[in-house]
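Trainee: Place chain U on chain Z using the hints.
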Amino acid sequence: MAESDNIVAETAEKIFADLADAQTINRDGKGAWKAPLWQALTEAGLPLSWVGEECGGSGASLAEGFSVLSVAGRFAVAVPLAETMLAGWLLAQAKISSPDGEMTVAPASPRDRISVNADGTLSGKARGVPFAKSARHIAVLASDAKGSQHIALVEAGKCRIETGLNLGGDQSDTVTLDKAQPATIKPAPFGFGQTQLMLMGGVARSLQIAGALESMLEISVRYSNERVAFEKKISKFQAVQHNLARLAGESAAALAAATSAADAFANATAFNDELFLEAAAAKIRCAEAAEKGSGIAHQVHGAIGFTIEHILHRYSLRALAWRDDFGSESHWAVELGRLVAARGADELWPLVASR
Amino acid sequence: MTAALRFDPIRLPAECEQLRKEVRAFLAEEIAAGTFDPHQPNREDTDAPEFSRKVGARGWLGMTWPKKYGGHERSFLERYVVTEEMRVANAPTRRFFVADRQSGPVLLKYAPENIKMDILPRICRGEVCFAIGMSEPNSGSDLFAAKTRATKTDGGYLINGTKIWTSSAHIADYMIAIFRTSPPTKENRRHGLTQFLVKMKQPGIQVNPIGQITGQFEFNEVVFTDHFLPDDHVLGEVDGAWKQATSELAYERSGPERFLETYYVLTELVRAVGKNPDTRSAEGIGRLVAQVHTMRRMSVSVAGMLQAGKEPVVEASIVKDIGTVWEQQLPHRVRDLAAFVEETATNRETLEHQLSFAIKTAPKLTIQGGTTEVLRGIIARGLGLR
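Here the protein sequences line up with chains Z and U, keeping their order. All residue numbers for the first sequence refer to the numbering used here, where the first residue is 1 and numbers rise by one. All residue numbers for the second sequence refer to the numbering used here, where the first residue is 1001 and numbers rise by one.
Same shape as in the complex, but just chain Z:
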């Protein structure tokens, strides 16, 4: 995951630096930046990183794709890059080719279920689906009456989509399928289910949160070295220094948890308790870091960071919003706690020390 060794992440970094500058985006009320950015990402093959060449993608490794998401988090990118990557990954599980254009995945919450009807159509409601309104297609995970899992490619036009906005102002929509006819539907591989999809989505969000925290740390440190109060730079006040040191700690913890989980996924040979711990813990810890870290970043910035003109909210509010997707930290904490209790007290340490 060392980004300097990773040409895919470097490509992403260059595209974002050129076309997703936070100041420019923040001043652009009409979203004129979106189309050129998406065009460049598409030309570089990034939205379909996790889709093999035989299915129309660019065939990057899981690890390379994860490092793209870290970079996307650092730029707090507000286009459906992570969502299209996840959709492509989900479709590839059932060897379904990915179409061009923006995609998203449904369900995006562990509480929602989509069903496969007896006639092969799909029904159900998925809440909090990121960028559904912008997507041309939706990759759907659904179960039939026998409980078997299926993966389907559905045109967004076949669904009813009610637009909502998350904390960061990005689309977070309710997708209703009412006997929707999928473009393609195939059985999911044996053992693949909603938990795996939620954990994979959770790892993506964890990497994005960690990336956003890195940027919050960077801009907070920079601001503290510029802003003068009481006749000195505020970075010289010990109280401010200690707050920034804590922000560094939260950023580091989020980064460590998220990259560890991504590494675990990228090298997994089976879906087991160890992988569950990695992914669930990453989402829990990154969500907690988002709360603490964004709080400190705002405190350091004072009133200016509370304005719509300042770029801080692009990172802080997205990091907070991303906590909700693919299962909140509360959800995963309950699931992880149940798993730990079921294994028993003496099996806790062997689980923690498994890698």
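Hints may be right or wrong, so weigh each one.
Cut-off 30 Å, straight-line C-alpha distance, at most; resulting in silico cross-link-like pairs (BS3-like, lysine-lysine) [what the hints assert, rightly or not]:
#1 133/Z x 158/Z
#2 1068/U x 1054/U
#3 1275/U x 1116/U
#4 236/Z x 1310/U
#5 292/Z x 236/Z
#6 233/Z x 1186/U
#7 95/Z x 146/Z
#8 1360/U x 292/Z
#9 1243/U x 236/Z
#10 158/Z x 186/Z
#11 232/Z x 1186/U
#12 1109/U x 1310/U
#13 1152/U x 1243/U
#14 133/Z x 179/Z
#15 1147/U x 236/Z
#16 1068/U x 1116/U
#17 1109/U x 1201/U
#18 1067/U x 1054/U
#19 1186/U x 236/Z
#20 1116/U x 1147/U
#21 179/Z x 146/Z
#22 292/Z x 1364/U
#23 95/Z x 158/Z
#24 1147/U x 1067/U
#25 1068/U x 1109/U
#26 1201/U x 146/Z
#27 1364/U x 236/Z
Just so you know, these hints were derived from the structure itself, not from any lab.
Mentor: For chain U alone, coordinates are given in the frame of chain Z:
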């Protein structure tokens, strides 16, 4: 972007897992033999010389050191596995822990050959205990305010002054201490301190135990009165101890002992809630497990940096800052959750007993080995704020 903060995901190599099995089997044997009780972190007798020798005989002390000094030339990651397994088992490591972690590496780097050949093999055999002589009555976090003098005399130095809060000094065979050999200069207030090797239990050294709020007596006051140290007991550069401190800190601050000190209460809570916890207990346990997992992944990552020959001082400070704050909060969070444990839980008494000890232990965790305030200062420097 901030270059300092990298915690690459290290995967422990296969040889570590074999080693882990061996350590677990050894500890299980020792527990079965009654050497120590893993459920009792507050043993009255924390000194276990026999256990120390057995650990040495297994080849688990001085693991990363050269073979010519009795070491085993194994990796930091292997040492990490041994350390964390001992810590989680509440094994009595007091006698060898400091020597193995910290004092041995200082001697390796700065001691003359005859001293290395004399002492290092004995550390590896688990025979000697070390203390660290840093703090003084008016110099704790402000290390460079130390006043205990080392005055040059024929063939060596005379030591006068007092060290304080010195863990294990009452059982230690040696101490690595800093003494003042010159006054600080105007340009550099850190100048003038020298690191020395001190042989304990000698004339001119008096050790006075200090009681702690846990009821234990593990730290001490150490008074030096015209105690003679020969020239070859100087470690490194005279007046230049400040240049030697940094790499030691990375070893001292990032290990598993920096977030696992109160871990036993979490294990016991999991036992108390049983196989089917209610939602509240499950959520509480899940959050705590997510923390300990993250801390461990960060700590292992720093061990990987040490193995790669880096000096991750800022990263190690971050691990100790958030690790100790967390292990300090842990017994209180477990107490919150334990309030609803069934009266019938078979380990209720053990849990209450452990909680009481852990809550009393907690205040020291963010003070010993570098206070939270000092650590945040180091991190702030790493961020370019000072």
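Trainee: Which earlier hints turn out false for this structure, listed by number in ascending order?
Mentor: Going through the list in order, the structure violates hints 3, 24, 26 and respects the others.
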